[in-house]
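Visitor: If you want the building blocks of each chain, they are given just below.
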Amino acid sequence: MNHSLVNWFKFASPASFYPLAGRLIPYFAAVAMALLAAGLWIGLLVAPTDAQQGEGYRIIFVHVPVSWMSMFIYCVMAFWAALGLSFNTRLSGMMTSALAPTGALFAFLSLWTGALWGKPMWGAWWVWDARLTSQLILFFLYLGFIALQAAIDDPRRADKAGAILALVGVINVPIIYFSVQWWNTLHQGASVSMTKAPSMAHTMLLGMLLMALAFWAYTIAVALMRVRCIILERELTSEWVKKNAME
Amino acid sequence: MIRLLAPFRQSVRRDLLLAARHKTEIITALFFFVIVVNLLPLGIGPDPDLLRKIAPGALWIGALLATLLGLQRLFAPDHADGTLEQMALSPQSFTLLVAGKIMAHWLVAGLPVVLIAPLLGVQFDLSGRSLFILTLSLLLGTPILSLIGAVGAALTLGVRGGGALLSLLILPLYIPALIFGAGAVEADLAGIGPDGHLSLLAALLVVSTFFAPWVATVALRVALE
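Chains as they are written, first to last, in the numbering used here: chain A, 1 to 247; chain B, 1 to 225.
Bound-form chain B, shown alone (with noise of 0.2 angstroms):
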């Protein structure tokens, strides 16, 4: 069982090394997540209720924008250097690889707008439980945004205008997850609880990583022939 992971965590270290070789990129991806959902109040105004209302939303929608900032590098680089054929052609299972560095992309980009959402939540004057809510409905989000956008990134890979094309692609595809994710909150507000939306997001977490590591596979495959 180990041995066959090996192929998966040599990928994830592989591209944690380098973006810890590139921390400005990560940290740029964080802030732009947290100007981005502070522009919202500034634009729709300081009312302490209405700001309650649309902190889930707003904060879910700056992870959607956050993640794709990312996305474009998910596979770009590595195909530049040529890194990425060697990777297709090597004995070790492609999909394990392109698995790995979908998880390191969500460790990068999803897992730090995780942690900083609860700050960004009392910001809007979110309560305890509904910051704890709004915090693991993005912990079992992102990974979403991750797995559904690398079958983008690998599809857009070397194509003319890739980043604004990689967004409508992808973007439709996210709306299940932004409706679960920022349900759950306002599910929870209306008294219904947030355990139905939290279970489908876990859901589609289960179904997305099942199937999207293997779909990338197969874009990225058409990519390089």
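One chain only, chain A, in its complex shape (with noise of 0.2 angstroms):
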């Protein structure tokens, strides 16, 4: 009935995509490796010295990507959760709890190397940018996420309370966005602003992608490898994984 080369449907079900999911793993950590390197020696050797920043900015080669990804896996989590609520697959809820804690390290990496930044740049380790705050706010919702699902014992019910939360998290976020930055405008002159960074030298941008690519790839890798644990987990007194644990 089906004559499309790939049956996508057949990798919703855990049992099959447990072993794509172990063939896949090489090849994106693989690639994240390879992308990492060429990333930071761009960004650590070929890219030149900032006028103004001098060697210090480096950092965002760090900071830029995973602030890009803290806030790409939350939308790709709400993705996977509007997905598992109007289709009911199991393998839904178990891909956005796998993809939450790389998301929450992120967030949490992205206002470290900020702040590292900051300091330098800024003479300030925290300032209440709109930007800073949001991220902040975000890496939040990350935490609550990850309680609420920690804190529900029943994992279908903890699949779809967490799904409905980050989709109320999704819709939030431009919301906090907005709010955040108009606050700041209000409370505060524009003392520190980020918009206004000089125009980029190519090579600057492009380690700064290189190393987004990477980061991509290994939140593939990680989530995977997170999400064959959970499978492995819930799916415990099934035929197939007594099948496959014996092998």
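In short, the hints are calculated from the structure, not lab data.
All values reported here derive from a predicted model rather than from experimental measurement.
Ideal placement from N, C-alpha and C gives every residue a C-beta, glycine not left out.
Some clues are possibly wrong.
[Unchecked claim] Computed, partial: chain B to chain A, Cβ under 10 angstroms: (1) 155; (2) 158; (3) 160; (4) 161; (5) 162; (6) 165; (7) 183; (8) 196; (9) 211; (10) 222.
The task is to assemble the complex, starting from two chains supplied on their own in separate frames and drawing on the hints.
Guide: Structure representation (structure tokens):
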């Protein structure tokens, strides 16, 4: 009946996704390592020293990609959440919870590297800039998601509750961002502005792009590893897992 | 129309009646609000200029915490004695029944806070105009807190460590309401006028009135499965 080359719905079943994920992990891990090496090489050795910020600016090769990824992963989680709620697929919920720790890690790294960058550049570890504040709130949203899932024992309920929370969160993220921005402009003059960044050299952009792709591949590899663990945990009693464990 | 809203009215009346039988709960939440707001000057110092500046934020944060206090009991008692399941199974719209519960929660937890806010504002030496704007912002904003909070209460229903978890989930989502609510007074003092902030607050209220009861219902059905 299905004439397409790959039957995508086949892999919606944890039993058939498990081996596929296992086969994909090495490729994504290798791609991540290669891109990471290339990105770091360009970022640390090839890219020119910034005229205003000196060598310290090089932290953006980590900072900007992790910030992008932390926001992107939340959107991906919301995508899986919507898919899981509408089609009632078990794997979607597992993917959502597999992505959350990596997203939280990136949000934390974004805050941390931002603080390390801010101290020499602005003279402060933390300023109540709109982007910093909304990134912090994003980090809280990740923590809330993880805490909610951890608190519910029944995995199916945990998946659905987490999915609702992820969707509510993703609607709120733009509202929070704009409200924080308006709050910020009301409270203080633009003492610190990150939007007026000097025009960027092409090598810098290339370095950031490579690093972003490296983190992207890393996220996929790690999420697949985590989802394999989740599948094994949840399907512990099923036949195929027992057979798999025997092999 | 009236027939359509009957479950909503019944639900409000029932919850108000229940609240009237446990008056101490309302009074405890209200005094919690009063005490939290009054602790701030004790922690920060009695300088009137400073107090005038922090007053909107202080009252708003007090309102957030006071709302959280009652939220844990929004669905939990009905869940414990099985009423909630009967509501979900009843032929009447579950969403309207939930909306009624949220409305009752606001009447019990939010409205008293709004009514006592001018009195506390006087303690912070706010002018008459600022008091009016602050009260108006709380009037528009506290229903948002009940509405969004209901989603969190539904998600954490019957979950281990529900109370602390509820705060973790809900407080980040309260930030826009806090910013526009407390910001209205400051915008007025800064000479921009409070209209923009109050309009945004009203917009948030409309959006959350539309979506929150529905999302809370979906979350409750998940919890009842």
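Visitor: Determine for every hint whether it applies to the structure shown.
Guide: Evaluation of the provided hints:
1. 155: 5 angstroms, holds
2. 158: 9 angstroms, holds
3. 160: With a closest approach of 5 angstroms, the residue 160 (chain B) hint holds.
4. 161: Result: holds, 6 angstroms to nearest chain A Cβ.
5. 162: 8 angstroms, holds
6. 165: 5 angstroms, holds
7. 183: 6 angstroms, holds
8. 196: Hint holds; residue 196 (chain B) Cβ to chain A Cβ min 8 angstroms, cut 10 angstroms.
9. 211: Interface hint status for residue 211 (chain B): holds (8 angstroms vs cutoff 10 angstroms).
10. 222: 4 angstroms, holds
When held up to the earlier numbered hints, the structure conflicts with none and fits them all.
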